[in-house]
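Enquirer: The primary structure of each chain is shown beneath.
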Amino acid sequence: MTRPDQASPLALEMRDLVKDFAGVRALDHANLRVGRGTVHGLIGQNGAGKSTLIKLLAGIHAPDAGTIAVEGAVQSRLTPHRAEELGIHFIHQDRLLVPTFTVAESLFLGAEPRRFGLPWLNGGAMRRRAATILRETFGVDLPAGALVGELSAAQQQLVQISRALLNRPTILVFDEPTAALVRREVDSLFGVIGRLRAQGITIVYISHYLHEIGEICDAVTVMRNGADVGTVHPRTTPAADLVSMMVARDIHDMFPRRHRTAGPPVLSVTGLRAAGAFENVSLTVRRGEIVGMTGLVGSGAKDVLRCLFGLQRPDAGRIEIEGARIGGRSPSAAVAGGLALVPEDRRGHGVALSLSVRENTTIASLDRFARGPLIDRAAERSEVDRLIRDLAIKTPGREAAVRNLSGGNQQKVVLAKWLSRQSNLYLLDEPTVGVDVGAKVEIYRLIDELAGKGAGILVLSADLLELLGLCDRILVMYRGRIVHDGPAAATDSDTLLMHATGAGAVVHA
Amino acid sequence: MSSRYALVAALVAVFAFFSVATTTFLTPGNLESILVNNFALLAIVSLGMTLAIAAGGIDLSVGTAIDIASLIFVSAVAAHVAMPLAVLGGLAGGLLVGAFNAGLIAGLRITPFLATLGTLFIGQSVQQLSTSGGQPIYLITGHVPPVFAFIGHGTVLGIPFAMIVVGGCAAIFATILGRSLFGRRVEALGAQPGVAWYSGLRVSRDTAWVYLLGSLVCAIAGILLSCTVRAYVPLSGNAYLLNAIGATFLGTTFSRVGRPNVAGTLLGVLLLNIVANGLLLIGWNFYWQQVGSGVLIFLVLVVSFGGGRARSTRAA
Numbered sequence: 001m002t003r004p005d006q007a008s009p010l011a012l013e014m015r016d017l018v019k020d021f022a023g024v025r026a027l028d029h030a031n032l033r034v035g036r037g038t039v040h041g042l043i044g045q046n047g048a049g050k051s052t053l054i055k056l057l058a059g060i061h062a063p064d065a066g067t068i069a070v071e072g073a074v075q076s077r078l079t080p081h082r083a084e085e086l087g088i089h090f091i092h093q094d095r096l097l098v099p100t101f102t103v104a105e106s107l108f109l110g111a112e113p114r115r116f117g118l119p120w121l122n123g124g125a126m127r128r129r130a131a132t133i134l135r136e137t138f139g140v141d142l143p144a145g146a147l148v149g150e151l152s153a154a155q156q157q158l159v160q161i162s163r164a165l166l167n168r169p170t171i172l173v174f175d176e177p178t179a180a181l182v183r184r185e186v187d188s189l190f191g192v193i194g195r196l197r198a199q200g201i202t203i204v205y206i207s208h209y210l211h212e213i214g215e216i217c218d219a220v221t222v223m224r225n226g227a228d229v230g231t232v233h234p235r236t237t238p239a240a241d242l243v244s245m246m247v248a249r250d251i252h253d254m255f256p257r258r259h260r261t262a263g264p265p266v267l268s269v270t271g272l273r274a275a276g277a278f279e280n281v282s283l284t285v286r287r288g289e290i291v292g293m294t295g296l297v298g299s300g301a302k303d304v305l306r307c308l309f310g311l312q313r314p315d316a317g318r319i320e321i322e323g324a325r326i327g328g329r330s331p332s333a334a335v336a337g338g339l340a341l342v343p344e345d346r347r348g349h350g351v352a353l354s355l356s357v358r359e360n361t362t363i364a365s366l367d368r369f370a371r372g373p374l375i376d377r378a379a380e381r382s383e384v385d386r387l388i389r390d391l392a393i394k395t396p397g398r399e400a401a402v403r404n405l406s407g408g409n410q411q412k413v414v415l416a417k418w419l420s421r422q423s424n425l426y427l428l429d430e431p432t433v434g435v436d437v438g439a440k441v442e443i444y445r446l447i448d449e450l451a452g453k454g455a456g457i458l459v460l461s462a463d464l465l466e467l468l469g470l471c472d473r474i475l476v477m478y479r480g481r482i483v484h485d486g487p488a489a490a491t492d493s494d495t496l497l498m499h500a501t502g503a504g505a506v507v508h509a
Numbered sequence: 001m002s003s004r005y006a007l008v009a010a011l012v013a014v015f016a017f018f019s020v021a022t023t024t025f026l027t028p029g030n031l032e033s034i035l036v037n038n039f040a041l042l043a044i045v046s047l048g049m050t051l052a053i054a055a056g057g058i059d060l061s062v063g064t065a066i067d068i069a070s071l072i073f074v075s076a077v078a079a080h081v082a083m084p085l086a087v088l089g090g091l092a093g094g095l096l097v098g099a100f101n102a103g104l105i106a107g108l109r110i111t112p113f114l115a116t117l118g119t120l121f122i123g124q125s126v127q128q129l130s131t132s133g134g135q136p137i138y139l140i141t142g143h144v145p146p147v148f149a150f151i152g153h154g155t156v157l158g159i160p161f162a163m164i165v166v167g168g169c170a171a172i173f174a175t176i177l178g179r180s181l182f183g184r185r186v187e188a189l190g191a192q193p194g195v196a197w198y199s200g201l202r203v204s205r206d207t208a209w210v211y212l213l214g215s216l217v218c219a220i221a222g223i224l225l226s227c228t229v230r231a232y233v234p235l236s237g238n239a240y241l242l243n244a245i246g247a248t249f250l251g252t253t254f255s256r257v258g259r260p261n262v263a264g265t266l267l268g269v270l271l272l273n274i275v276a277n278g279l280l281l282i283g284w285n286f287y288w289q290q291v292g293s294g295v296l297i298f299l300v301l302v303v304s305f306g307g308g309r310a311r312s313t314r315a316a
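Quick note, the sequences are listed as chains D and L, same order.
Residue 1 is where the first sequence starts when you use our numbering, and the numbers rise one by one after that.
Residue 1 is where the second sequence starts when you use our numbering, and the numbers rise one by one after that.
Be aware that one or more of the hints could be misleading.
Said to hold, decoys possible - To spell it out: a stretch of chain L is covered by chain D in this simulated footprint if at least three of its residues, at any positions, have a beta carbon under 8 angstroms from a beta carbon of chain D; those stretches are:
(1) 136–147
(2) 193–207
Claimed, not checked - A partial selection of chain L residues facing chain D, derived with a Cβ cut-off under 10 angstroms:
(3) Thr175
(4) Ile176
(5) Gly190
(6) Val257
(7) Gly258
(8) Arg259
By construction, these hints were calculated from the structure, which means they are not laboratory data.
Everything numeric in this text was worked out from a predicted model, so none of it was measured.
Every residue gets a Cβ at the ideal spot worked out from N, C-alpha and C, and that includes glycine.
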């Protein structure tokens, strides 16, 4: 790997940083070397350690090991106040401004110009100086008397940057600054960053968007699993290479896809109807089969899933599990019938954050551990340990509160809950929403293994590539009806999208 | 020091303080009086409260269940009904209050706070209407069966009967909350009701049992109370409500994970009783005792909450 920033002296050097949170290692010997006056990109998946690294730099957390040197001087006790003294400032994605303050008041908050050195605000001077700063730095005429709440996201960001500039920063850290901006605003932000760089200010730029890194960064450091995996020239490094550095595996290997043979039907639905949501829905899921279902908001796909699990009452139709009719009256009836639901709202419906991994894992299958009215705690512990091992759940232990786990590992706990129940049919509602790429791959593998063991699986997802990669068969719903039902291998995302938006119906008609 | 033991530390501190500050606190007679006259009833009532709060609810109608049980029990005894029948009648009266709560909360899905508040109001009216505006029913000494005195003041192998009842109830509730399938479902319900429902638990049934069990222990307390004072005094049960809630929340600090638990609740009850008794002995009047209890609750919660906040900051 080349070290592009070695030519100029370092503005910032973070060495061998280690940080543990509640037994989980967030940073594992991470390094970041930023050359003075450069724009340095920082990328990595959620949970790779970017935010922790930045929080150490901001003095919000102290490192367990390692050193931070600013302009060559090692800072052993970095606090938010000390970081500010050193000229390190942060532009956050959620702009920390008071909406009812004016632009001028926001700029000078805490450092207001005073009248005659007395604690009277000099409002006129404040507004004039604010207007000058905004014009000279950004070439924009923001009304200094306007309320922050009336400004666009991009304008608010300019106010935040101006505020940082008033303090004569040496290092500016942008934490995903473009998340709330439209393309035109992104361009003007890049213009601003270019000018700041020309003034000799060092910039650390965190982003999810690889093309942005290529556009503005002189160097980029890739993080993975709490450590830096390399620092490269973004303009000469293909995006695909950056992605493989981030995930440490080829993107095509994301979907396991072993060969399976579908068995007898485990779920058959005939003529299901819920007034106002969907009509005449019939579908079958076989043992060992992964069936995908998609549809836009309001297509009824979600309502079908809710009816299957007893969360919503159908007006007509039959739902059979393994040939036995289930009423669709309540989730408890559905669960008793062998159904499992991995809900989309993980924190509201999937896991109880304050309970332990153990308690969450066995909550749907307590009967298995019953010794009379009491819980056989030894049996419970060994089952939970087995599932933590099998699913490779990353947790400090079985007694840790689920709150301390990452999103992907929380989702694995939801899967473990139903594995412990030994369910026959898994309804998965957006199973990888809010989990990072690495955990996605593991969840796909687990779903595939489940099907391999003979469970039936129905996946509801808006991610068409996910469905195409994972499923054997895909159903598309449009305005309350199933408009497409075919093998995943015989279709592509364009066709699915056409059906989902109603364009497919015209073709068939 | 773990903040878990703030409650124990407070208990030791007030015990030591009153032992030194007064000559009467550390006497067998006074200690027994704390246990039998104060601790026993509040402890029993607080067990039901602990279960309700663990389930994510609350029971403001504990006084109603106590009073209704007492009313039926004392009326039956006054009418020369056989003792076992009178006891069963009292328990059934308390359970009726629980069943009413269960219907409102599990059936009509009214939030526990409002449902049990409604029950509390209705219970007050019922008592006043049925006792000509709140007249107590006294039992004349000669007419009381001997077993009455035993329940109120008797001992088995030197242990007061009331303490045996407390021990039995506490053991059962500790097993329910800590070891049973039902207790685990209650914990899930209290932690995140959506997860309990989406995991296929029969939430309504479990919720109903929480309020039924709560009213049952209140009924037991009501019968003990009647035997101790040999009377039914309308609206006397409400005195236990705030202390039971206070003791339960004090008790959560004794749990590593900050949940309601039986051992913690009992320690909380003991702390409140010792403070009330001790302040009385050093000459504070009733109103100042409540200030003392309030300050103590603050102290224990602040010490543990402060520790808890430090923990969560490290975990952030």
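Enquirer: Next step is simple, just say for each hint if it's right about the structure.
Expert: Against the structure, the hints:
With a cut-off of 8 angstroms between beta carbons, the stretch 136–147 of chain L has 0 residues touching chain D; three or more are needed, and the interface restraint is violated. Note: the stretch 193–207 of chain L has 9 residues with beta-carbon separation from chain D under 8 angstroms; the three-residue rule is met and the coverage holds. At its closest, the beta carbon of Thr175/L sits 7 angstroms from a beta carbon of chain D; the interface hint therefore holds under the 10 angstroms criterion. Hint on Ile176/L holds. Least Cβ distance to chain D is approximately 8 angstroms, under the 10 angstroms limit.
Evaluation of the Gly190/L hint against chain D yields a held restraint, the C-beta minimum of about 9 angstroms falling below 10 angstroms. The beta carbon of Val257/L is positioned within 10 angstroms of a beta carbon in chain D (closest approach about 7 angstroms), and the interface hint is therefore held. This hint holds: Gly258/L has a C-beta 8 angstroms from the nearest C-beta of chain D, less than the 10 angstroms allowed. Interface restraint check: Arg259/L against chain D, minimum CB-CB distance 8 angstroms, threshold 10 angstroms, status holds.
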